[in-house]
Structures are given as C-alpha cells and as structure tokens.
Amino acid sequence: MKTFLASVVLLVCVCAAAQDDIGPQGPAVKMAPAPLLTAVQGKSASVPLSFRVANGYHINSNKPKSEYLIPTVLKVEATTDIIIGGTTYPDGQDMSFAFAPDEKLNVYTGDFNVDVLVRPLRSVQPGKYVVRGTLKYQACDNSACYPPKQLPISFDVKIAKAPPPPRANPAQSPHAHQ
Amino acid sequence: MLFAGIRASRRNGANGSAKGQLIGGPAPDFDLQTLDGKNVKLSDYRGKAVLLNFWATYCGPCKIEMPWFVELQNEYGPQGFQIVGVAMDDASTEEIAKFAKDMNVNYPILLGKEAVGQSYGGVSVLPTTFFVGRDGKLMAREFGLQSRSVFVDHIKQAMNQGSRVQAQK
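Sequence lines, in order, name chains A and E.
For the first sequence, our numbering assigns the number 1 to the initial residue and increments by one for each residue that follows.
For the second sequence, our numbering assigns the number 1001 to the initial residue and increments by one for each residue that follows.
Misleading hints may appear alongside valid ones.
Derived lysine to any residue pairs resembling SDA-like cross-links, with alpha carbons at most 25 angstroms apart [claimed, not checked]:
1. A/Lys149 <-> E/Lys1041
2. A/Lys128 <-> A/Ser66
3. E/Lys1098 <-> A/Pro64
4. A/Lys149 <-> E/Ala1091
5. A/Lys75 <-> E/Ala1091
6. E/Lys1101 <-> A/Leu36
7. A/Lys149 <-> E/Asn1104
8. A/Lys65 <-> E/Asn1104
9. E/Lys1101 <-> A/Ser66
10. A/Lys149 <-> A/Thr87
11. A/Lys149 <-> E/Leu1111
12. A/Lys63 <-> A/Asp94
13. E/Lys1101 <-> A/Lys75
14. A/Lys65 <-> E/Met1103
15. E/Lys1137 <-> E/Lys1156
Worth flagging that the hints you see were computed from the coordinates, not collected in a lab.
Nothing here was measured: the structure is a model prediction, and the numbers come from that model.
Let the hints inform the model, and build the full structure from the sequences given.
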C-alpha cells in the first residue's frame, strides 16, 4: 500500500513538473533516416529527405506569405567531390490558426519531404560518402512561437563506378564489301 | 475555448516552477537599446507597474496581443503603468521598427539580448510576459497568447503591488 501511495505521489510530482515544461519536448521537427542514395560517377541523383513536424505544431513553408516569417530552409554542405544540384521543397498548406483566424499562413505540418539533388563528379572515387547539413525552421503552435532552430541532417551517398564509355565503332573491315 | 485550454497548461503565475522562483523577487534589471538608439533600464520605471513583453516579429500570437497593449497603455498609462516590449529577434532594427510602426505601438520597444532573456529564466516561448509591481518585484509571468482580461487582471495587481511604497515617496 505504501509503495502504491509513493508511486501515486511520484506520478503527481512528475505530471506537475511536466506541466511546467514549456514548448516542444525536444525538437518540433525530426528527420527520418534517409534512404541510401546510390549515384553513378558524373550522374545526378535525387534523395528524398523525410521530416515530421510534431503533432500540434506547424513550421513555415519555404515560401511563407509574410516578410516577417522565417522560411524553412535546408542547407546542405558542399563536399569536394559531390555537388549539391539543388533542393526542392513541397508546397506548404494554407492554414488559419486560432491566434489569427482571418489570416492564412503557408505552413508544413505532419510529414513533408525535401528532395536533394546531388551530382558526384566523374572523378570521385567509388565508395560511401556522408553528406551533412541543417534544416532551419521556426515552429509555432496555436498560442506561442519558439525561436528558430537548426536540425542537423545527414544522408549517405554510395558512389558507383560509371560504366566505361562506349567504344567507337571499329573501322569497317575492307572485307565487308566483298 | 481553445485558448483557455492552452492557457490552463501554460499559466505560470505566482506559484511557478524552479524558473518561477523569480516570481516574488526583484525583477532583474537590464540596460537595453531602444529602436532609436537610446539606452533604457528597467529600473528607470521604478515606482510604475510594468508589463514586460518578450516578443518577435515572426511570432503570430505576439501580433495579436500588441493592439491590446496599445489600448492598455493608453488606459492605464496615466495611472502609473508602463508597457515595455523586448524584441527577441534576428530581424534588423529597421525591420523591427517597421513592424512596430505598422502595429501603431505606443510603448518603448527594446532590442533584446539573450543574456536578458536568461536573467528572466530563459525566454524559450514567445510571447512571454512578465508583470512587475511598483516596488520593482516580479509578480507574475505568462507564457503564450493570453486573453486581454488576463492582462488586465495582472496590470491591476501590479499597480496595487508596492503602491504603499509609491505613496510614501
């Protein structure tokens, strides 16, 4: 009985403490493990990076509607041998929130993907490489906003050897016309 | 109704957590620049009740409160009440000034510093609003958007707190 009461008291204390914790518990945005991207030397390839915005939160899309809002931006660090060809963001959703019911904000909620195009140089050695970067976002919920955050991201790129260039047509044998 | 639910989980008045131990003690003083480059200390307002509002230009809920603050400054200002906005923003001074002008802000906006936020227990939620009594003591704190009536209640309490001190002056 004493153990039970102690457990109840502990639970109440934990709940009370949890109520004082403000804002997202951990990051409001998390990235799912990225699939291994296989790219051939000298050829472009794209990897979809999957992000999840925690339930109850939203972040601005890459193209928010107001100059004051902070867009979600993925910055990928260039490496010596792998060029980042660009990032493609999804369209945001136009949504209204309780704090401004007459205003539509362009946001990401739930799951969204950002595609990253990489192009390994033809000279890059075949093998596995890690590409790193950060997703900058600024989250809000229905009644508060949180300072901008930078989520570290990474994905693996496996560089495969390019097939040998096709051989030039051999000179026709003089016997071919015989 | 939705706000009421959110507020219920965020209200952190006189009986706060570890960070809330600030409440009841002297409000940490600071020295920050206004949008036009003047230096302002919180202690400059000693003898007045102060609503200290941490906000940012990117914060939608902050934008909802600002017109209320303009009205409350007009209503209670003559009775010894002052609103002070602290912009916790990466935006430029010009952008913050433009935003404040667009919102018809009639109270000082100061350019916030992380250290000042830390002295108030860390400002990780915007808006965060503190209420300082006339005696310079922190009497309440609110996280997130609140209803106008919550502000009015705290302002009235802050104006009463330390009123004897003022009367003796």
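Hint check:
1. For the given pair, A/Lys149 sits about 30 angstroms from E/Lys1041 by alpha-carbon distance, which is inconsistent with the 25 angstroms threshold.
2. A distance of roughly 41 angstroms separates the Cα atoms of A/Lys128 and A/Ser66; the hinted pair therefore is violated under the 25 angstroms criterion.
3. Under the criterion of a C-alpha separation no larger than 25 angstroms, the hint pairing E/Lys1098 with A/Pro64 is consistent with the structure, at around 19 angstroms.
4. Distance hint between A/Lys149 and E/Ala1091 is fulfilled; the C-alpha atoms sit about 15 angstroms from each other, no more than 25 angstroms.
5. A distance of roughly 20 angstroms separates the Cα atoms of A/Lys75 and E/Ala1091; the hinted pair therefore holds under the 25 angstroms criterion.
6. The suggested pairing of E/Lys1101 with A/Leu36 is violated, with an alpha-carbon distance near 50 angstroms, which exceeds 25 angstroms.
7. The hinted pair formed by A/Lys149 and E/Asn1104 fails the criterion: a straight-line CA distance of about 30 angstroms is larger than 25 angstroms.
8. Between A/Lys65 and E/Asn1104 the alpha-carbon distance is near 21 angstroms, which keeps this suggested pair within the 25 angstroms criterion.
9. For the proposed pair E/Lys1101 and A/Ser66, the alpha carbon gap of about 16 angstroms is at most 25 angstroms, so the pair holds.
10. Our distance criterion of 25 angstroms between C-alpha atoms is met by A/Lys149 and A/Thr87, whose separation comes to about 19 angstroms.
11. Between A/Lys149 and E/Leu1111 the CA atoms are separated by roughly 20 angstroms; this keeps the pair inside 25 angstroms, and the hint holds.
12. A distance of roughly 11 angstroms separates the Cα atoms of A/Lys63 and A/Asp94; the hinted pair therefore holds under the 25 angstroms criterion.
13. A distance of roughly 33 angstroms separates the Cα atoms of E/Lys1101 and A/Lys75; the hinted pair therefore is violated under the 25 angstroms criterion.
14. A distance of roughly 18 angstroms separates the Cα atoms of A/Lys65 and E/Met1103; the hinted pair therefore holds under the 25 angstroms criterion.
15. Distance check on the hinted pair: E/Lys1137 and E/Lys1156 sit about 14 angstroms apart at the alpha-carbon level, within 25 angstroms; holds.
Of the hints listed earlier, those the structure fails to meet are numbers 1, 2, 6, 7, 13, in rising order.
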